[in-house]
Amino acid sequence: MATDEELIAAVASGDGRRLEELCRRWERPLYQLIARHTGGRDVEDLYQETWLRVVRAARRFDPGRRFSTWLFQIATNLCRDWHRRPPPEPVDPADAEAVAGAPAPTDAVLDARRLLAALPEAQRSAVILRYYHDLPEEEVAAILGCPRGTVKSRLHHAMRRLLEMARP
Amino acid sequence: MTDCDDMLTTLLFRGAPDADVAAHLTACPRCRAERAAVESLARTLAAAPVPAPPLGLTWRLLAAAEPLLARNARRAAWPTFALALAAALLPLPAILLLDFYLVRAAFALLTAILPTALGAYLTFNYAATLALLLALTYAAIPIFVEHQVRLRRQESHA
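If you're matching them up, the sequences are chains A and S in order. Residue numbering for the first sequence is 1 to 168, as defined by our numbering. Residue numbering for the second sequence is 1 to 158, as defined by our numbering.
There may be inaccurate statements among the hints.
To be verified - If the Cβ cut is set under 7 Å, some of the chain A residues that face chain S in the computed set are:
{"#": "1", "residue": "20"}
{"#": "2", "residue": "39"}
{"#": "3", "residue": "56"}
{"#": "4", "residue": "57"}
{"#": "5", "residue": "63"}
{"#": "6", "residue": "130"}
{"#": "7", "residue": "135"}
{"#": "8", "residue": "136"}
{"#": "9", "residue": "156"}
As the list claims (entries may be wrong) - Computed from the model, here is a short list of chain A residues facing chain S with C-beta under 7 Å:
{"#": "10", "residue": "14"}
{"#": "11", "residue": "26"}
{"#": "12", "residue": "29"}
{"#": "13", "residue": "51"}
{"#": "14", "residue": "74"}
{"#": "15", "residue": "111"}
{"#": "16", "residue": "112"}
{"#": "17", "residue": "133"}
{"#": "18", "residue": "146"}
{"#": "19", "residue": "163"}
{"#": "20", "residue": "165"}
{"#": "21", "residue": "166"}
What the hints assert, rightly or not - Sample of chain S residues with no beta-carbon within 10 Å of chain A, all distances over it, derived:
{"#": "22", "residue": "20"}
{"#": "23", "residue": "27"}
{"#": "24", "residue": "28"}
{"#": "25", "residue": "57"}
{"#": "26", "residue": "62"}
{"#": "27", "residue": "86"}
{"#": "28", "residue": "94"}
{"#": "29", "residue": "102"}
{"#": "30", "residue": "110"}
{"#": "31", "residue": "119"}
{"#": "32", "residue": "128"}
{"#": "33", "residue": "129"}
{"#": "34", "residue": "134"}
{"#": "35", "residue": "141"}
What the hints contain is simulated information worked out from the structure, not anything from laboratory work. Where is the CB? At the ideal position from N, CA and C, for every residue including glycine.
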């Protein structure tokens, strides 16, 4: 089976089938990463934009790096930009009805979303990558472009903040 | 960061305590007091739903990526194209020199046996045909290179 790094090299020369293979391999983790970052909003747009950036920059991919680190880095940067955008216009009534028709999330689900949403962006990224994607601190540091010590400190501050918020 | 911070962060983000964390929890009353809160927080975070990608996501993405893939393919073909063009241009001076002598010989022969105006007209037609053949040959180079690149890619996929 071809490695991710071999597949991205083929994508750099315009190979659509290899891109499909790569997408299928990373579809779920990438989709979940973005969904957790944005609380489920604009996930498909950000997912697509991440892959389009991957295809666009495939020729510049450094084969000495792990593909997954690069992919998550692009997605995390896009999510960071997404959080900096001004809030959207009030929703269309039709959208509101569609949301109302969806199954109601449980209290625990709401709590988890609320807790994550309340974290500063840098801490939220560290928690998502470390906790939900089970990545080692070294890889989280590579994705976030900071030293390992900074990741540890962000995780610690995130934990303190979450404990405070979760306290009844 | 203290040892306690490290241990509690590990407990939260790794789930079940490993030997080091367990030993620390036994020995440290402060961390023991916080353990229940940390484990409760871990349970709350774990309750976050795992969003599933919608059907057809990859197909929509591949359709959107088509122009970018085509651009990548064109860029990847450039080195091959440049090499082929260089190889094709190498004999060009010799071809042009040969054509020049052929046209000159044709002109000399035709004007010797035909009226000058008719000889010049036929020589001009002969020169134009040679120029057209040359242009067609060099115009075929990009098509030939693209075909070769496609074949090579198909071979590598196979």
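Status of each hint after checking the structure:
Here the hint on residue 20 (chain A) is kept, as its CB sits about 6 Å from the closest CB of chain S, short of 7 Å. The interface hint given for residue 39 (chain A) is broken, as the beta carbon of that residue sits about 10 Å from the closest beta carbon of chain S, more than 7 Å. Because the beta carbon of residue 56 (chain A) sits about 6 Å from the nearest beta carbon in chain S, less than 7 Å, this interface hint is met. For the restraint placing residue 57 (chain A) at the interface with chain S, the shortest Cβ-Cβ distance is roughly 10 Å, beyond the 7 Å limit, so the hint is violated.
Taking 7 Å as the C-beta contact cut-off toward chain S, the hint placing residue 63 (chain A) at the interface is violated, the least distance being around 15 Å. With a least beta-carbon distance of about 5 Å to chain S, the hint placing residue 130 (chain A) at the interface is held under the 7 Å criterion. Nearest Cβ of chain S to the Cβ of residue 135 (chain A): about 10 Å, over the 7 Å cut. The hint is violated. For the restraint placing residue 136 (chain A) at the interface with chain S, the shortest Cβ-Cβ distance is roughly 11 Å, beyond the 7 Å limit, so the hint is violated.
Interface restraint check: residue 156 (chain A) against chain S, minimum CB-CB distance 5 Å, threshold 7 Å, status holds. The beta carbon of residue 14 (chain A) is positioned within 7 Å of a beta carbon in chain S (closest approach about 3 Å), and the interface hint is therefore held. Taking 7 Å as the C-beta cut-off, the interface hint given for residue 26 (chain A) is violated, the closest approach to chain S being about 10 Å. Of the supplied interface hints, the one on residue 29 (chain A) is violated, with its beta-carbon coming no nearer than about 10 Å to a beta-carbon of chain S, more than 7 Å.
Using the Cβ-Cβ criterion of 7 Å, the hint placing residue 51 (chain A) at the interface with chain S is satisfied: the shortest such distance is roughly 5 Å. Hint status for residue 74 (chain A) relative to chain S: violated, with the closest Cβ pair at about 14 Å, above 7 Å. Interface hint status for residue 111 (chain A): upheld, as the beta-carbon distance to the closest one in chain S is roughly 5 Å, under 7 Å. Proximity of residue 112 (chain A) to chain S holds as hinted, the smallest CB-CB distance being about 4 Å (cut-off 7 Å).
Hint status for residue 133 (chain A): violated, given a least beta-carbon distance of 11 Å to chain S, over 7 Å. Interface hint at residue 146 (chain A): violated, since its Cβ lies 15 Å from the closest Cβ of chain S, which is beyond the 7 Å cut-off. The criterion of a C-beta within 7 Å of any C-beta in chain S is met by residue 163 (chain A), whose closest approach is roughly 6 Å, and the hint holds. The beta carbon of residue 165 (chain A) comes no nearer than 9 Å to any beta carbon in chain S, farther than 7 Å, and the hint placing it at the interface is violated.
Evaluation of the residue 166 (chain A) hint against chain S yields a held restraint, the C-beta minimum of about 5 Å falling below 7 Å. For residue 20 (chain S), the non-interface assignment is confirmed: its Cβ lies about 15 Å from the closest Cβ of chain A, beyond the 10 Å cut-off. Annotated as non-interface, residue 27 (chain S) keeps its C-beta farther than 10 Å from every C-beta of chain A; the closest such distance is 20 Å. Annotated as non-interface, residue 28 (chain S) keeps its C-beta farther than 10 Å from every C-beta of chain A; the closest such distance is 16 Å.
Separation of residue 57 (chain S) from chain A is inadequate, the least Cβ-Cβ distance of about 7 Å not exceeding the 10 Å criterion. Against the 10 Å criterion, residue 62 (chain S) falls within the reach of chain A, whose nearest CB is about 6 Å from its own CB. Every CB of chain A is more than 10 Å from the CB of residue 86 (chain S) (nearest about 21 Å), matching its label as outside the interface. Separation of residue 94 (chain S) from chain A is adequate, the least Cβ-Cβ distance of about 35 Å exceeding the 10 Å criterion.
At the 10 Å boundary, the C-beta of residue 102 (chain S) stays outside the reach of chain A, the nearest C-beta of that chain being 43 Å off. Every C-beta of chain A lies more than 10 Å from that of residue 110 (chain S), the closest at about 52 Å, which supports listing it as non-interface. Once the 10 Å rule is applied to beta carbons, residue 119 (chain S) is consistent with being away from chain A; the minimum gap is 54 Å. In this structure residue 128 (chain S) is separated from chain A by more than 10 Å, as the shortest Cβ-Cβ distance comes to about 39 Å.
Every Cβ of chain A is farther than 10 Å from the Cβ of residue 129 (chain S); the closest lies at roughly 38 Å, confirming the non-interface assignment. The Cβ of residue 134 (chain S) lies farther than 10 Å from every Cβ of chain A, with a closest approach of about 31 Å, so its non-interface assignment holds. The beta carbon of residue 141 (chain S) sits about 20 Å from the closest Cβ of chain A, which is more than 10 Å, so the claim that it is off the interface holds.
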